[in-house]
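Residue numbers (our numbering), protein chains in the order written: chain A, 371 to 749; chain B, 5 to 141.
The set of hints was computed from the structure by calculation and includes no laboratory data. Glycine residues also receive a C-beta, built at the ideal position from the N, C-alpha and C atoms. Certain hints may be false.
Label-pair distances were calculated between CB atoms; the ranges are [said to hold, decoys possible]:
#, chain 1, residue 1, chain 2, residue 2, range
1, A, Gly683, B, Cys53, 25 to 35 angstroms
2, B, Pro78, A, Leu485, 11 to 21 angstroms
3, B, Pro108, A, Ala491, 43 to 53 angstroms
4, A, Lys437, B, Asp129, 47 to 57 angstroms
5, A, Ser586, B, Pro78, 24 to 34 angstroms
6, A, Val389, B, Gly97, 39 to 49 angstroms
7, A, Pro486, B, Asp128, 39 to 49 angstroms
8, B, Phe68, A, Gly523, 51 to 61 angstroms
9, A, Leu485, B, Lys62, 52 to 62 angstroms
10, B, Phe68, A, Asp559, 27 to 37 angstroms
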Amino acid sequence: MRKNQVAVVGAAETTELGVIPNASQLQLHADAALNAIADAGLKLSDIDGFATAVETPQQVCHYLGIKPTWVDGTSVGGCSFMLHVRHAAAAIEAGLCKTVLITHAESGKSMIGKLPRSTPADSLNGQFEAPFGVYGPPSMFPIPVLRFMKTYGITHEQLAAVAVVQREWAAKNPRAMMKDPITVADVLDSRMIAYPFRLLQCCLVTDGGGALILTSADRAGDFPRKPVYIMGTGESVETPMVSQMETFNSSRAFKTAGPLAFKEAGIAHGDVDHLMIYDAFAHLPLFGLGDLGFMPYEETGRFIADGNTRPGGKLPLNTNGGGLSYMHSGMYGMYALQESVRQMRGIAPAQVPNATISVCHGVGGMFAASGTIVFTNER
Amino acid sequence: MAEPQRARPKPTPETQHFWDGTKAGELRLQRCDACAHVYFPPRPFCPSCASRKVSVFKASGKGFLYSYVINHRPAAPGFTPPYAIAVVELDEGPRMMSNIIDCPQTPEALALDMKLEVAFQELDDKITLPVFRPAKG
């Protein structure tokens, strides 16, 4: 795909984030969509392309009254929205549609109108993982981390520092769920969830949503907000079973999606001003820094613990506070994208000065899928 | 009210040989007749070279502890926390999720790379699960 041919011209989260007991999941999709449409200065009737995950496109389009000529229901977990951005950019370039709306919403905390997640007993996961006591992401996602730690000499204190640094960023974000400062000792004293991870190393569970509007870069100047261009994109999937990853020393999906996006954008790691790495759990930023090629895996833990990703550090990472402290409705990728767009617009609460390139890297399932988007505010 | 039950696998035509094996006290894997690749979970073709000529064989049941978590909360139905959810790397190459028995469920006792051997845990008259214990000697 050619770089900078498509731009984000509308972006918004739901009116409320956190605990939203007065709206269903479907209504949260609509709330985010209406906010994004207002942000772009558009009408619903201007939308001719639509993408969403978990909920079907027909469900959300009917509820909103959208009549699309292009839809994408790719649903590969929390990074689905990165894949939607990639697919939408290709569709706009190919002339299949002009203006794409991507929505995410999840009543992850209040569970109103939330679709059930189940593992059939005759699926491969149902036969070869569920019988051994996996029960929700905290019991599955951290399974690779002890091997990763042993291979690369990563310490428990370094993995605790991930949560500490992200809380520093969250403190600068009025909409972050958790803003009180924490220390490495606080993290290591918090309640054990699934050894080696404790409560403060696991993502929040919240309600909310977000929406993006994309159109061709040639039209982007006609919109009220500063355009944010899609500079590079990548995607991949590996396996729905965490036990069947090729290795626990890296993620194959990350190692495929990330470099694809860098290559398409034509950038080097030193060009990156701002970075988002989907952090459902504290080890994900370490995998991401290594798999995207920022540094050898051995250095990832020390890099974060030494403060390089904190406010004022040389590689600002997860500047909204991340899934650990900002919000995590279950599929966090949309919120990472929203923060990248805010940073590129120059309006983020914890704005990185003069940032021109933002990399936004997502995970789906338990290292099952991945999507990476490189954004820029310069064409 | 009945206690919630541990998740029970339901075999499919492609996996029936595996569950027949555990019931008979064998850990069965598959090997490609064309390229010799050994793989898991079961399927009637080779995921490496796509050949449909594959054979089922009895694995050694030996391996080592590749990684794990010790789950505290929330606990799956039928489990009493804390309990380890392990991934075992078999000597033949494939890895599988399992539980570790005859071993304290602690970080001190569960050393990565410790040698393990398969054991069989009967859930009911249809399903026997492969689990692992520290290898003797």
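Here is what the structure says about each hint:
1. Gly683(A) / Cys53(B): 25 to 35 angstroms: violated (47 angstroms)
2. Pro78(B) / Leu485(A): 11 to 21 angstroms: 20 angstroms Cβ-Cβ, so the 11 to 21 angstroms window holds.
3. Pro108(B) / Ala491(A): 43 to 53 angstroms: violated (30 angstroms)
4. Lys437(A) / Asp129(B): 47 to 57 angstroms: Holds - the Cβ-Cβ distance for Lys437(A) and Asp129(B), about 56 angstroms, lies within 47 to 57 angstroms.
5. Ser586(A) / Pro78(B): 24 to 34 angstroms: At roughly 47 angstroms between Cβ atoms, Pro78(B) and Ser586(A) fall outside 24 to 34 angstroms, so the hint is violated.
6. Val389(A) / Gly97(B): 39 to 49 angstroms: Once the Cβ atoms are compared, 47 angstroms apart, the range 39 to 49 angstroms for Gly97(B) and Val389(A) holds.
7. Pro486(A) / Asp128(B): 39 to 49 angstroms: violated (26 angstroms)
8. Phe68(B) / Gly523(A): 51 to 61 angstroms: violated (20 angstroms)
9. Leu485(A) / Lys62(B): 52 to 62 angstroms: violated (42 angstroms)
10. Phe68(B) / Asp559(A): 27 to 37 angstroms: holds (32 angstroms)
Checked against the numbered hints listed earlier, the structure breaks hints 1, 3, 5, 7, 8, 9; every other hint is satisfied.
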